[in-house]
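*Asks:* Starting from the known structure of chain A, arrange chain B on it as the hints suggest.
For the record, the sequence lines run as chains A and B.
In case it helps, our numbering puts the first sequence at residues 3 to 357.
In case it helps, our numbering puts the second sequence at residues 3 to 357.
Wrong hints could be hidden among the right ones.
What the hints assert, rightly or not - Beta-carbon label-pair distances, calculated as ranges:
no., chain 1, residue 1, chain 2, residue 2, range
1, A, Gln204, B, Arg53, 30 to 40 Å
2, A, Thr56, B, Thr111, 30 to 40 Å
3, A, Thr171, B, Glu330, 52 to 62 Å
4, B, Leu239, A, Arg329, 16 to 26 Å
5, A, His215, B, Gly99, 45 to 55 Å
These are computed hints drawn from the structure, not numbers from a lab.
A quick note: this is a predicted structure, and the numbers were derived from the prediction, not measured.
Each residue gets a CB set at the ideal place from its N, CA and C atoms; glycine is no exception.
There are 2 protein chains.
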Amino acid sequence: MTDMLAPGATIGILGGGQLGRMLSVAAARLGFASHIYEPGANPPAGQVADRITTAGYDDADALKAFAESVDVITYEFENIPTEALDLLEAHCPIRPGREALRISQDRVTEKAFLQGLGLNTAPYSDITDLNSLRSAIGQIGTPAILKTRRFGYDGKGQARLRAPEDAETALAEMAGAPSILEGFVEFSHEVSIIAARGLDGQVACFDPGENVHRDGILHTTTVPARLPPAQRTDAVLLAANILNALEYVGVMGVELFVTPQGLIVNEIAPRVHNSGHWTQNGCAVDQFEQHIRAVAGWPLGDGQRHSDVVMENLIGSDMDRVPELARERDVALHLYGKAEVKAGRKMGHFNRITR
Amino acid sequence: MTDMLAPGATIGILGGGQLGRMLSVAAARLGFASHIYEPGANPPAGQVADRITTAGYDDADALKAFAESVDVITYEFENIPTEALDLLEAHCPIRPGREALRISQDRVTEKAFLQGLGLNTAPYSDITDLNSLRSAIGQIGTPAILKTRRFGYDGKGQARLRAPEDAETALAEMAGAPSILEGFVEFSHEVSIIAARGLDGQVACFDPGENVHRDGILHTTTVPARLPPAQRTDAVLLAANILNALEYVGVMGVELFVTPQGLIVNEIAPRVHNSGHWTQNGCAVDQFEQHIRAVAGWPLGDGQRHSDVVMENLIGSDMDRVPELARERDVALHLYGKAEVKAGRKMGHFNRITR
Numbered sequence: 003m004t005d006m007l008a009p010g011a012t013i014g015i016l017g018g019g020q021l022g023r024m025l026s027v028a029a030a031r032l033g034f035a036s037h038i039y040e041p042g043a044n045p046p047a048g049q050v051a052d053r054i055t056t057a058g059y060d061d062a063d064a065l066k067a068f069a070e071s072v073d074v075i076t077y078e079f080e081n082i083p084t085e086a087l088d089l090l091e092a093h094c095p096i097r098p099g100r101e102a103l104r105i106s107q108d109r110v111t112e113k114a115f116l117q118g119l120g121l122n123t124a125p126y127s128d129i130t131d132l133n134s135l136r137s138a139i140g141q142i143g144t145p146a147i148l149k150t151r152r153f154g155y156d157g158k159g160q161a162r163l164r165a166p167e168d169a170e171t172a173l174a175e176m177a178g179a180p181s182i183l184e185g186f187v188e189f190s191h192e193v194s195i196i197a198a199r200g201l202d203g204q205v206a207c208f209d210p211g212e213n214v215h216r217d218g219i220l221h222t223t224t225v226p227a228r229l230p231p232a233q234r235t236d237a238v239l240l241a242a243n244i245l246n247a248l249e250y251v252g253v254m255g256v257e258l259f260v261t262p263q264g265l266i267v268n269e270i271a272p273r274v275h276n277s278g279h280w281t282q283n284g285c286a287v288d289q290f291e292q293h294i295r296a297v298a299g300w301p302l303g304d305g306q307r308h309s310d311v312v313m314e315n316l317i318g319s320d321m322d323r324v325p326e327l328a329r330e331r332d333v334a335l336h337l338y339g340k341a342e343v344k345a346g347r348k349m350g351h352f353n354r355i356t357r
Numbered sequence: 003m004t005d006m007l008a009p010g011a012t013i014g015i016l017g018g019g020q021l022g023r024m025l026s027v028a029a030a031r032l033g034f035a036s037h038i039y040e041p042g043a044n045p046p047a048g049q050v051a052d053r054i055t056t057a058g059y060d061d062a063d064a065l066k067a068f069a070e071s072v073d074v075i076t077y078e079f080e081n082i083p084t085e086a087l088d089l090l091e092a093h094c095p096i097r098p099g100r101e102a103l104r105i106s107q108d109r110v111t112e113k114a115f116l117q118g119l120g121l122n123t124a125p126y127s128d129i130t131d132l133n134s135l136r137s138a139i140g141q142i143g144t145p146a147i148l149k150t151r152r153f154g155y156d157g158k159g160q161a162r163l164r165a166p167e168d169a170e171t172a173l174a175e176m177a178g179a180p181s182i183l184e185g186f187v188e189f190s191h192e193v194s195i196i197a198a199r200g201l202d203g204q205v206a207c208f209d210p211g212e213n214v215h216r217d218g219i220l221h222t223t224t225v226p227a228r229l230p231p232a233q234r235t236d237a238v239l240l241a242a243n244i245l246n247a248l249e250y251v252g253v254m255g256v257e258l259f260v261t262p263q264g265l266i267v268n269e270i271a272p273r274v275h276n277s278g279h280w281t282q283n284g285c286a287v288d289q290f291e292q293h294i295r296a297v298a299g300w301p302l303g304d305g306q307r308h309s310d311v312v313m314e315n316l317i318g319s320d321m322d323r324v325p326e327l328a329r330e331r332d333v334a335l336h337l338y339g340k341a342e343v344k345a346g347r348k349m350g351h352f353n354r355i356t357r
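Isolated chain A, as found in the complex (with noise of 0.2 Å):
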């Protein structure tokens, strides 16, 4: 382990939310400094770093003062400007690469991807006018799902087409951004897989969580998953399949639709995902000092679970619900010190430990 990271280093985060947040406190617990690249003002992970850059991504001496003052680069969301990352890397590694950036950028880059790697996704098409919509509708059917390729997440630039009457205003939602329709899957229910890999390609995987959405964004991941045995194992060698073709080094979260025929992709994210928070209470090293590990060239954890979790989200107002919260036995609160409540937004999360 010569490329084994030594206490005292430093690790380059880029975004200064929750997952920034989580992961600067992982850090820390291995004796890492953190240093937060962040545009936006008073970044909630700001408040548990050793430092932080306010600056955009287009400030090409801010990056490059950040490249340089840290030892690894890593990120806690995939939409950062390809520009950027140029930058960069030419004076530090990034971790997880810039393939599986790539990739997870677009999504029917990383469809094609994963079906070329023999893994099963929803059918889909990529739509550039309301002609290959038409042609598309036509192949897949309708119940259909119309999203924008790039920047969507927790259920934005998306729009539901019931019938194939709807092809023109959903259209219009993309407001001309390259699009992709997905056809709908009918899954029993979603579970996800949080996977690592390590420097040296050694990969571990936490088990599946089940995951409930409400208003498309995460709502509870319950571990353990309803799965039987063998689909269990689909998900650890699906996952592994994925990690292994990219040359990942980190922690990813793969969504995965269960249903009769088998396991279905939904979703990859190279970062440490929402529905792997239950591992804070359910693990002896969790998704964060996971994904911290593995970007700093250390041994993963096994991922083995001492506990069954169920994780829930606070959105918005839920933050009233803390002080009961706070109460309850086998609760453990997760909050993101977030300065204002706002409707849809992700204030914190609370992990009860039900066995």
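*Replies:* Quick look at chain B alone, frame taken from chain A:
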């Protein structure tokens, strides 16, 4: 709970060592910002705190500004000068309160307080000069141990007396400081109990841990401790007795000698305690969060343990073991981000989950 600090409030912490560091992280987890007050440069806690004030305990302006910037003040060590506390308290509540500090700052006062509660301590005598020491030896016998009344920790400021003839040498080691002679207690092992009391008087205790020391410094804490159920109950009642007598708010470490005749209180520490670090990987709410909950007026966690744990300190060159420990299954590392490795310096610890 009208006194419950809302997320977004700021916790002021006196002292920026590893305890302040882990308190900062726990505060962040509950959505609080932390502000560290520390005379030394680059304190470990500063890497994970929202703000740091670098100033001495004699800097009235800095103390006032600090107190005005925070919503409650707590501390990671007990030897804070009284004058500084007076200044701070004029602007902001200090928790745990002054009485706990007054008592635990002085070994003679502490023993008198404990005996006043009907608790057993080692036999002791206040030492002012060679005459009082000789007379105390006559009463208490040897072996015995001479300690400074104030400012001792991790075996510092202590001298053993094997025989009455050691009196003069031992007293010289105290360098004129007011001292205490303590008789030796024949004990089978040492346990400590980490107890907490909330603003509303609620008391919660973690399971007692069994401590092993090396060279006067804590080496390991093992939970569960070897302790018959009746003595386990005694330990909890005894800790609750101490906390209630002080109208204490926060976490306290109580070190106990286990003897066939019952439990003997060795010492109390009005703060989170090294022997409570196991709670980080054994409980949903650890001692650091428990302390923050108490001083913030929140309901306490119930102290329930989900795993058996052996905590081991990493002292000085023990840091060389980190690469190997990082590979071990069920080991959770907690490193303190201290720039320089020194002999006898606490650099980190790890929790091994044993069941």
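*Asks:* With reference to the structure, classify each hint as holding or not holding.
*Replies:* Verification of the supplied hints:
no., hint, in the structure
1, Gln204(A) with Arg53(B): 30 to 40 Å, "holds (39 Å)"
2, Thr56(A) with Thr111(B): 30 to 40 Å, "violated (49 Å)"
3, Thr171(A) with Glu330(B): 52 to 62 Å, "holds (57 Å)"
4, Leu239(B) with Arg329(A): 16 to 26 Å, "holds (24 Å)"
5, His215(A) with Gly99(B): 45 to 55 Å, "holds (47 Å)"
Of the numbered hints given earlier, the model fails hint 2 alone.
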